[in-house]
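Number of protein chains: 2
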Amino acid sequence: MKNNGKKELTDIASLGEFGLIDHLTKGIKHHHPETIKGVGDDAAVIDNGPHATIITKDLLVEGVHFDMVYTPLKHLGYKAVAVNLSDIYAMNAQPRQLLVGIAVSQRYSLEGLEELYAGMRLACERYKIDMVGGDTTTSTGGLFLSITAIGHAEKEQVVYRSGAKPNDLLFVSGDLGGAYCGQLVLQREKQAYKANPDVQPDISKYSYVIERQLKPEPRRDIIQLLGQKGIRPTSMIDISDGLASEILHICKNSGTGATIYEEKIPLDQRMAQTAHEFNIDPTTCALSGGEDYELLFTISQDDYDKIKDNSLVHPIGHISGADQGHNLFTSSGQLVKLTAQGWDPIKGK
Amino acid sequence: MKNNGKKELTDIASLGEFGLIDHLTKGIKHHHPETIKGVGDDAAVIDNGPHATIITKDLLVEGVHFDMVYTPLKHLGYKAVAVNLSDIYAMNAQPRQLLVGIAVSQRYSLEGLEELYAGMRLACERYKIDMVGGDTTTSTGGLFLSITAIGHAEKEQVVYRSGAKPNDLLFVSGDLGGAYCGQLVLQREKQAYKANPDVQPDISKYSYVIERQLKPEPRRDIIQLLGQKGIRPTSMIDISDGLASEILHICKNSGTGATIYEEKIPLDQRMAQTAHEFNIDPTTCALSGGEDYELLFTISQDDYDKIKDNSLVHPIGHISGADQGHNLFTSSGQLVKLTAQGWDPIKGK
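The listed protein sequences correspond, in order, to chains A and B. Using the working numbering, the first residue of the first sequence is number 116, and each one after it goes up by one. Using the working numbering, the first residue of the second sequence is number 116, and each one after it goes up by one.
So here's chain A without its partners, still in its complex pose:
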């Protein structure tokens, strides 16, 4: 395509986040044998002799990942650490160290940064993480956080997205959709505040979903549970983009299909009430909402008896051959196709 004799440039948004990363990292070659896993999982994995070092990095950008109107800086610091730890746990590894990069504009005060650090330090204290370095610099607009988390695992215990096999069972921890509903409430209150700053809204009835949004907890307890039960998941991923998207990641990396059951998806009643208030189907929140930071994993059927009665994790379906596709059995008995946006009706199936 030409435009006034100049080559027309391609809009980044047209590729989507995953398409963009795939495009930019295509054909990257590794030089070192200790690089076990590069781009394409929750974290990179480096061989260190008897064990492996696991490294992940996440950016949080003001106006994109958080809104300073309703995000207390201490919560933001806590969450920035939590989401990186979640990536390490999703590799079945233990996070141990953290590096913090902050670019901050002049409108932030020292006291504001102290709050941010207090939140990060609280998360580090709770999850026993050593804050070992980083970089602090000026930004021309807004606040940018870049966290790198470093973890540790026995090499053969590391779990990738790529190990799921047909007939494996799909499990998810906790409950889903809450973080998205929390964001809906916070955005609504922001609009109400802008319209009339004198009204103090009562948001106490939404405290569960708001906490899911502002202060997620990475699921160290699930990794401990799996270890205690002697279960090594065949694949695992953390739920940052919504259940549907994460299932598709596991299937793509493992070369499989999957079927899940709507009635098995764990939903909290408080989330469902909020979703109904916003005229959204609670299942849609779970499938597409994102930011729940629960763990999605697959296990061999042989391991089922070991955790079938545990209340922390829930079987939601199973892995199939790739030719079976990605399906959701709805509560009303329909078979629909799972997509990254939630689901599509399937015709003629």
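In short, the hints are calculated from the structure, not lab data. In this text, all values refer to a predicted model and were calculated from it rather than measured experimentally. Cβ atoms here follow ideal geometry from the backbone N, Cα and C, with glycine treated the same way. Just so you know, not all the hints are guaranteed correct.
Unchecked claim - FRET-style restraints, in silico, Cβ to Cβ: (1) B:128 - A:312: 50 to 56 Å; (2) A:130 - B:243: 28 to 34 Å; (3) B:144 - A:165: 25 to 31 Å; (4) B:454 - A:123: 48 to 54 Å.
To be verified - Where chain B lies over chain A, by a calculated footprint (3+ residues, C-beta under 8 Å): (5) 127–139; (6) 145–152; (7) 251–258; (8) 282–291; (9) 301–311; (10) 383–397.
Add chain B to chain A, keeping to what the hints say.
The following block gives chain B in isolation, referenced to the frame of chain A:
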């Protein structure tokens, strides 16, 4: 201090970059014995049995660290990688892996990001670095780069800022002040371009200093040289903020003083000419200019004969007891006090 009944907030800039980091990371405790070195050096160091893993992180922010008017995206990508590798070499370690975080606004095209990645991949190819992961996201304004580099070293070979001892010799690689002069030229040309976009300036006579600014090379060759000669520096740091500031870092961390000689500071003739053109003392550029990414290190006098004839490195002074302070002998025979901004006249000494 009070202001309308509200507590007055502290301006971040009032602490300076190093003061701010010190303040925010004060009292951080480590939980894990393998965390050998945390905040306060070029990189963090983690014990991995027979060897150590070295990790560093740098942010580059549009409008702060680079100006898109005169920074080609490919050069920017190359430099973003180079400055992180420089931190790893400054620990006497070999960089091996890299994680890339990019937050980018809608005004960047896919082709622009491809250029940026081409520069990063070129640096990775040249220095044999595996690009193993990262995060790409939207920003509300401008381009933010966050690079994490991971290196490897035999544990006892790692060099910190803290090991300098009185009578050790101070060495510096390459020549200094060029990157700063390159920036002066680029900023002048930007103003000229804004005043009259039709004039094509001839900047070929400044190509050396411009290259020093836009495309620094991390000094892998110096680390190789030291290894070949069997020299383990007693302390080392890379020169990102100017020679004076880096000498003070080594002295502060080692609990020493230092004296350097102006006539020994390596200056390139092309840098000196540019500095004179801007009515700046070339020595000031070297002491305070920054961004040269050369290595500053100290060695025991016993090692002097091993590298005294090598043209890559230059002795510029020596370490002394802390009570001797930080001094510069000027070419005119004056003894002046070295400060992070360059130097101050010393009275009565």
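Okay, the hints, checked on the actual structure:
Taking the beta carbon of each, residue 128 (chain B) and residue 312 (chain A) are about 30 Å apart, not inside 50 to 56 Å as hinted. Taken as a hint, the range 28 to 34 Å holds for the pair residue 130 (chain A) and residue 243 (chain B), whose Cβ atoms sit roughly 29 Å apart. For the hinted restraint 25 to 31 Å between residue 144 (chain B) and residue 165 (chain A), the CB-CB distance of approximately 27 Å keeps it satisfied. A C-beta distance of roughly 53 Å is found between residue 454 (chain B) and residue 123 (chain A), which places it inside the suggested range of 48 to 54 Å.
By the rule of at least three residues with a Cβ nearer than 8 Å to a Cβ of chain B, the coverage given for the stretch 127–139 of chain A holds, with 9 such residues. Coverage of the stretch 145–152 of chain A by chain B holds. Counting CB-CB distances below 8 Å, 6 residues qualify, and the rule asks for three or more. Counting residues of the stretch 251–258 of chain A whose beta carbon lies closer than 8 Å to any beta carbon of chain B gives 7, which meets the minimum of three for the stated coverage. With 0 residues having a beta carbon nearer than 8 Å to a beta carbon of chain B, the stretch 282–291 of chain A misses the requirement of three or more and the stated coverage is violated.
With 0 residues having a Cβ less than 8 Å from any Cβ of chain B, the stretch 301–311 of chain A misses the three-residue criterion, and the hint is violated. By the rule of at least three residues with a Cβ nearer than 8 Å to a Cβ of chain B, the coverage given for the stretch 383–397 of chain A is violated, with 0 such residues.
Violated hints, listed in ascending order, are 1, 8, 9 and 10; each of the other numbered hints is respected by the structure.
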